[in-house]
Amino acid sequence: MDFQVIVDSLPRMLSGGWLTLQITALSVGIGLAASIPIALMRVSRNPLLWMPVYGYIFYFRGTPLLVQIFLIYYGSGQFRGALESAGLWTFFREPYFCAVLTLTLNTAAYTAEILRGAIRAVSFGEVEAARACGMSRGLLYRRIILPKAFRLALPAYSNEVVFLFQATSLVSIITLLDLTGVARIVVARSFAVYEIYITAALMYLVVTYGILFVFRRVEFRLSGHLRERPGMAGVMAEEISSAVAVR
Amino acid sequence: MLDLKGYGWMLWDGVQMTVLVGVGAMGLALVMGLLGAWGKMSKSKAGRATADVYTTVIRGVPELILILIVYYGTPTLIQDVAENFGADIIIDINPFVAGLTTIGFIYGAFATEVFRGAFQAIDRGQIEAARAIGMSQTLAFRRILLPQVWRFALPGLGNVWMVLIKATALISVIQLPELLRNADIAARAVRLPFTFYFAASLIYLAITVVSMLALQRAEAWANRGIRRA
Amino acid sequence: MRKIVLAVVAAAVVGLVAGGASAGMQKVRIGTEGAYPPFNSIDKSGKLIGFDIDIANALCAAAKFDCEFVVQDWDGMIPGLLAKKYDAIIASMSITEERKKKVDFTHKYYNTPAKFVARKGSNFTITPEGLTGKSVAVQRATTHENFLRDNFPGMDIRVYATQDEANADLVAGRVDLGHADSVALLDGFLKTDAGKDFEFVGPDFNVPRWHGEGAGIAIRKGSDLRAAFNKAIKQILADGTYKKINAKYFDFDVYGK
Chain E
1 MDFQVIVDSL PRMLSGGWLT LQITALSVGI GLAASIPIAL MRVSRNPLLW MPVYGYIFYF
61 RGTPLLVQIF LIYYGSGQFR GALESAGLWT FFREPYFCAV LTLTLNTAAY TAEILRGAIR
121 AVSFGEVEAA RACGMSRGLL YRRIILPKAF RLALPAYSNE VVFLFQATSL VSIITLLDLT
181 GVARIVVARS FAVYEIYITA ALMYLVVTYG ILFVFRRVEF RLSGHLRERP GMAGVMAEEI
241 SSAVAVR
Chain G
1 MLDLKGYGWM LWDGVQMTVL VGVGAMGLAL VMGLLGAWGK MSKSKAGRAT ADVYTTVIRG
61 VPELILILIV YYGTPTLIQD VAENFGADII IDINPFVAGL TTIGFIYGAF ATEVFRGAFQ
121 AIDRGQIEAA RAIGMSQTLA FRRILLPQVW RFALPGLGNV WMVLIKATAL ISVIQLPELL
181 RNADIAARAV RLPFTFYFAA SLIYLAITVV SMLALQRAEA WANRGIRRA
Chain F
1 MRKIVLAVVA AAVVGLVAGG ASAGMQKVRI GTEGAYPPFN SIDKSGKLIG FDIDIANALC
61 AAAKFDCEFV VQDWDGMIPG LLAKKYDAII ASMSITEERK KKVDFTHKYY NTPAKFVARK
121 GSNFTITPEG LTGKSVAVQR ATTHENFLRD NFPGMDIRVY ATQDEANADL VAGRVDLGHA
181 DSVALLDGFL KTDAGKDFEF VGPDFNVPRW HGEGAGIAIR KGSDLRAAFN KAIKQILADG
241 TYKKINAKYF DFDVYGK
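Residue numbers (our numbering), protein chains in the order written: chain E, 1 to 247; chain G, 1 to 229; chain F, 1 to 257.
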């Protein structure tokens, strides 16, 4: 075990890790924002809305992420002429843009499906009550369904964020120097296969569990009304909390 | 619409390899899943600890890194270990073996969680009854638990399969001639990357659809004779 | 399933044979990349062809070895040698101090310089300052990558798994320049249909510190193949076999000084 190699390459690996975090944050942020309208279109009853969205979700969930990355990065080269005349080639030329675009499209599809499941899981009693007191569609979604759906979606969404974070390792294949990309070139020069890849693996592991920890805290804060109130007798607390727990 | 310029046979060869490595890896994942679930539910602390470390580590590290470690690292590791014992072994870790074992190991961790939930869903009373009439642990496992676990495990295992078959595309990184790699080679030869990657993606979609249909059938079979509430 | 069984059986058989010396000609496995024309590449029928392949066959004949080739991706070339996947590397691998820490090399069997390529008509000043901010495509784990990182630090260096992929992105216009062995670029790129709009720019680069003494044969440390191959290299240089192979591929002397 050659520890000197690890120490020497640590600055470069950390800057690679920083790129990984950047790409993750961008893709998660834009993907989440995009997934809300997509999910709403998906649950709509209007075929003009849900059919194209269903096609998009089906395609991006049914094909490997690596194929999607190659399709957008290398595939755009086939349409360079058309892209140049539309003024878009400067974007598709850059691996960073292609990487974030692909990851965003991918995570938006998965997140939209998670949200769809969560929206349908909101108990109908609440929706009925809201309609009964005259809430409009928009108000119903904004005040009742979406807040509830987000909380229900949290466990599944935390898995999706972790998946996306780990999936960024694939951008090393289109020449980006994220953590995996840096690890590969360091290993190529030093031949310290174990030392470097295990260090990179540990870095991914730590951040993964960091992400899960943050999500668990958020879930904890948001589910306060479902837990026992402090300072009450056991039986009383159970009765009350089971009445209140309108999951 | 998609003019493959005579390289279609490469995609066909590739999809055969993809399915081959996928099925093999799934088999390994099932075995690892059963072992892992057994470890997690075992009475020994060592067993639980090993299984926990297994699922924790595998699910915290990107698949690409694991594939690179196994393919580039394992031969040297075995060499070094063997040399210490004075043996002169030659291990050939080719891309197929490296890819299959890595993917199988990774998804074994996910299968562990599926099996664990599935075993816990089987009515405890049945185990108690089996022990009461004197069945050993192994016999009870083989005759009572195992036949029934599929009903609870199939949906989860189906999900594992759907993710696993797409993960086989990663093995293209170590040059296994599976679908994505062959699409890559063909795309470079005729310089039509979009055409070939799109064709490959449609084939993956087809695999997805076929898998979904097969899973529906399998779930119906596993639930035969069960009254639905 | 069959492949796994075959792999295990093959490994077992090779393992049994590996220990002692075999009767008759010594069996030597040679690792090569197969993705680096004109030195080593795979033709349409799946056969290995190229300068390296011909030289390897000539050396094996001279040293009376029974040689067989093993294809390996470039990243795994030296790890594969150390893991005994093969016994020698004949894949245009440059002899460098860094690599000598892990493996031994024979004397060189050719030496050609490295060059930049760019689109015809582009006006690049080939100096570290002139190229700051420009992007260059280079193959990972090569002396060319190391050379660029150490001497042209201001450049945006993009690494690819094979030279072919690097050339592809150059053609696609994603990078401004390419940098690799001049012969590999000439025969594998500039002379092909894909490279017709490109040309060499700037001077030759052949600095021993990065490019080494030329391309040699890599073998595991302490192996007795080194002496045998060195003798064979001397022999084919002397008896004209080298000249014949050289002439088949190039119209200049690749052996270099």
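Don't take each hint at face value.
Some chain E residues flagged as far from chain F (calculated, every beta-carbon gap over 10 angstroms) [said to hold, decoys possible]: (1) 18; (2) 30; (3) 101; (4) 122; (5) 133; (6) 140; (7) 160; (8) 162; (9) 193; (10) 202; (11) 206; (12) 221; (13) 222; (14) 228.
Only pairs whose alpha carbons sit at most 30 angstroms apart, straight line, appear in this in silico BS3-like list of lysine-lysine [said to hold, decoys possible]: (15) F:196 / F:221; (16) F:191 / G:5; (17) F:231 / F:27; (18) F:243 / F:120; (19) F:47 / G:5; (20) F:134 / F:120; (21) F:64 / F:120; (22) F:244 / G:5; (23) F:196 / G:5; (24) F:244 / F:47; (25) F:243 / F:100; (26) F:231 / F:47.
Pair ranges (Cβ atoms, derived) [as the list claims (entries may be wrong)]: (27) G:212 / F:121: 48 to 58 angstroms; (28) E:97 / F:122: 53 to 63 angstroms; (29) E:87 / G:223: 47 to 57 angstroms; (30) F:98 / E:15: 16 to 26 angstroms.
Please keep in mind that the hints were generated in silico from the structure rather than gathered at the bench. Backbone N, C-alpha and C define an ideal beta-carbon position, used for all residues, glycine too.
**Study point:** Hints that the structure is at odds with (numbers, increasing)
**Key:** Hint check: 9, 15, 18, 21, 22, 28 fail, others pass.
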